[in-house]
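Chains R and V supply the protein sequences, listed in that same order. Going by the working numbering, the first residue of the first sequence is number 1, and it counts up by one from there. Going by the working numbering, the first residue of the second sequence is number 1, and it counts up by one from there.
Rather than coming from a laboratory, the hints here were simulated on the basis of the structure. Certain hints may be false.
[Unchecked claim] In silico DSSO-like links for lysine-lysine, alpha-carbon gap of 30 Å or less:
| no. | chain 1 | residue 1 | chain 2 | residue 2 |
| --- | --- | --- | --- | --- |
| 1 | V | Lys369 | V | Lys444 |
| 2 | R | Lys199 | V | Lys141 |
| 3 | V | Lys112 | R | Lys185 |
| 4 | R | Lys185 | V | Lys141 |
| 5 | V | Lys137 | R | Lys185 |
| 6 | R | Lys199 | V | Lys182 |
| 7 | V | Lys312 | V | Lys358 |
| 8 | V | Lys112 | R | Lys199 |
| 9 | R | Lys199 | V | Lys137 |
| 10 | V | Lys117 | R | Lys185 |
| 11 | R | Lys199 | V | Lys124 |
| 12 | R | Lys199 | V | Lys117 |
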Amino acid sequence: MQVQSKLMSLVKNQNFVLLLIFIALNVYFASATKSYFQVGNYFNMLTQNAALLFTAAAATLLMKTGNFDLSTTANLAFSGVLYAILAGMGLPLTLAALITLAAGSCFGVVNGLLVTRYDISPFIATLGMMFIGGGVALLICDGQSVRNGLPANFMGLMRSEVLGLPISILIAAVGVTVSWIMAEKTLIGKYAMAIGSNKNAAALAGINVDRVVMGLFILVALCASLAGIMTASRIGTGDPRVAEFFFMDVIVAIMLGGTPLTGGRGTVIGTVIAAMIVIVIGNGLNMLGILVFWQTVIKGVILIVAVTINEKFSFEKLRDQATPSKGDAGAGNGQTMEEWSLRRGNIL
Amino acid sequence: MTRTSDTIIEIRDIKKSFPGVKALKGVSFDVARGSVHCIVGENGAGKSTFIKILTGAQPASSGEIRLNGEPFAPYHVSDAIAQGISCLYQELNIVEDLSVEQNLSLGQEKHKFLFPKRADNLDKARSILANFDESIKLSDKVSNLSVAQKQIVEITRALVTDCSVLVMDEPTAALSLGETTKIMRVIERLRDSGMTIIYISHKLSEIFEIGDSVTVLRDGEMVATQPLKGMTQTDLVRLMLGKVVAEQYIPSTGARDETVLEVRDVSTRKLRDINFDLKKGEILGFYGLLGAGKTEVAEVLFGHDCRGEIRKDGNIINMKSERDALRSGFALVPEERREEGIFGLLGIAKNVPLMNMKTVMKNGLVSGKAERDLADKYIDMLQIAASNRNHPVALLSGGNQQKVVIAKCLNRDSDIILMDEPTRGVDIGAKQEIHNIIRDLANKGKSVVVFSSELQEITGLCDRIVLMYDGKVRETIENGENIDTDYILDVVAGKEA
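Here chain R stands alone, though its shape is the one from the complex:
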């Protein structure tokens, strides 16, 4: 009996289902093509997508608050170009990286200010920053990839290994772990959840909602900026047009991983497994020799399916919780606008 109910709850657990899909995909690709199931290929996948993994993990926390960032691609491109320019000017790589991270975090500050201080929806705020950042990235390099004067060790970061592991995989592992600890063990994760679930209640409980949201926007911007630095050193140039679909991949991973756009739910683990699914599909299809354009189509399908599943889950939840309308409790003469707006949901 108990075993059965445990099995049932396991089946209902979204992360478990995702893990099964991940394993199934691996089995399929391994049987379909010889070159897939090899340590080298997995290292390759992880190295290429390290940035996606840790950025999506951090952005899960942001999405839990009901916010998201579309400007990660722009930030990545801008940071890569800036890092290459600074390195080309002869700055030590560490200093160039620190300056780039500082500049990249400005994306988060602006996004956060727009959303918290000026009450602009995250869609508009970060869409605007996507254009601004993307444009600035093209401006500072004149639209050309930055190659001139790069030091010999420019590509060193991604080539070096620690304990036999490529450094980018280590960075991804550390980044994902930090996000996981933040989400599951610290108050930040709890507060993010509370804000996404019931912002009013969170504020009335004394949580500084604006500060939490602001901090998470900056965290995501830092990740995107680091992603830019890593991408630049991986490909050996500061390319303003690199990783166009980065922000979509981040959002696909988060939503497939079980975090809805409105927040209040979701796990970092889910995001990471979902990101791995997206990565494995891309790699596997490559191995099978399927056109890269098909991969874009498939990503779109995955996004829509993921959102549909999420919406259905949260819809059922909402219906169960539906509380009855307050009857005659109307807003009358002399009441504040606040009360008017509070009752907006009560449609006759």
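Keeping the supplied structure of chain R fixed, place chain V upon it in accordance with the hints.
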């Protein structure tokens, strides 16, 4: 002011103004320690504003509150909590996706580098919870609890922080009867343990069940503060509503012998066995206190789900949506003018035809001339005061906005016009004009149903009056010269006949 040990809160001349509105015009009363002190008043009486001041959500414009003899002027909700005043707001303020334990500590956690420390008051929380409802576990996810259980979690959260005054703003508004009884027992137990409770509700039966004393607010003023013992529900209602001056009632001129609408045994979650008829050319009024079910009746007539039978002109109609209701010949002037009535950014000429675009279409396109003509017709007919036809309706006065909403409904040319609080937030002059418009409509053969919480409006306007109490029709009476407002108040206050 001398302080006696059994007064916990002294409120002195609290005033609060918003731009253009005086929400509180000087409220003073004392709250006895360890009592259940109720605050009642109709809509707009100032209850919510008062609660916000007491709990630190808004500052008062002037006046003084003393807590245990000390001046008390919270700047923030957490100030009030720190000094022992906690509040359960009308909307539940707990986070559905967190566990009970996580909710209890939310925002108040002790932590080290943001890693929460183990809460030291878990045993206390567990025993408080067990006291109220043994089935709630600290590890339960809140979204799996019933509304009453969530309420208990909120109460527990207040108790864990050692509050001495608990403010409850309509805690039973969303509860079933059984759950309400449960909360009543909880409140009694809290009072017996020495806590002071300030209880806001519009359900008079609850107030008489658990209240020790009551403060009545009306139009931002304190009308009375007195012990509930020895009072009747009618006494309380009379204090809440104030003096009712009967307006001159002019009967509608029509014959009123043709029945256009029959409602039989209609029930919903909040209504039980509603029966009434509506005649052609009649103004039928629905009167009852807040929560008696007036709005629900209007909802049912405008396409909400219900059990029972609605016949129009003898034929059973089955409405599933607002569109169905419109097609069946109903039109509604909604209660919430700004939310549901007007399209604020559009001008009169654009607002008026919206419920019946046919009236301004020419060859499949909207004709500007037709719009202007139509607007002019209604501006003239209803005496709408506006500088021009394209002036955004949001900028008109309340009375003129309401006339635009009425014009929009009239343009639909429905047989039955439902009017929910037709003159709320409208000045006296415009009110009289709107009443004249309604009477005119009836005289022209339309049937009008008026839902109002203003007795004066009902007795001055309606030909017949349906009195509601607690989701039921108590009685339907004919209006006339000898209408007995005292009797009406008795009925809507729930006094058994």
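Quick rundown of the hints versus the structure:
Of the pairs offered as hints, the one joining Lys369(V) and Lys444(V) holds, with about 27 Å between alpha carbons and a cut-off of 30 Å not exceeded. Note on Lys199(R) and Lys141(V): the hinted pairing holds, with a Cα-Cα distance of about 18 Å set against a maximum of 30 Å. About 12 Å separates the Cα atoms of Lys112(V) and Lys185(R), which keeps this hinted pair within 30 Å; it holds. A hinted pair counts as satisfied when its Cα atoms are at most 30 Å apart, and Lys185(R) with Lys141(V) qualifies at roughly 17 Å.
The straight-line distance between the Cα atoms of Lys137(V) and Lys185(R) is roughly 21 Å, inside the 30 Å bound, and the hint therefore holds. At most 30 Å may separate the alpha-carbon atoms for a hinted pair to count; Lys199(R) and Lys182(V) meet this at roughly 28 Å. Proposed proximity of Lys312(V) and Lys358(V) is supported: the alpha carbons are some 24 Å apart, at most 30 Å. With a C-alpha separation of about 24 Å, the suggested pairing of Lys112(V) with Lys199(R) holds against the 30 Å cut-off.
Using a Cα cut-off of 30 Å, the hinted pair Lys199(R) and Lys137(V) holds, with the two alpha carbons roughly 24 Å apart. Between Lys117(V) and Lys185(R) the CA atoms are separated by roughly 10 Å; this keeps the pair inside 30 Å, and the hint holds. Taking the CA atoms of Lys199(R) and Lys124(V), the gap is near 27 Å; set against the 30 Å cutoff, the hint holds. Between Lys199(R) and Lys117(V) the alpha-carbon distance is near 24 Å, which keeps this suggested pair within the 30 Å criterion.
In the structure shown, no violation is registered for any of the earlier numbered hints.
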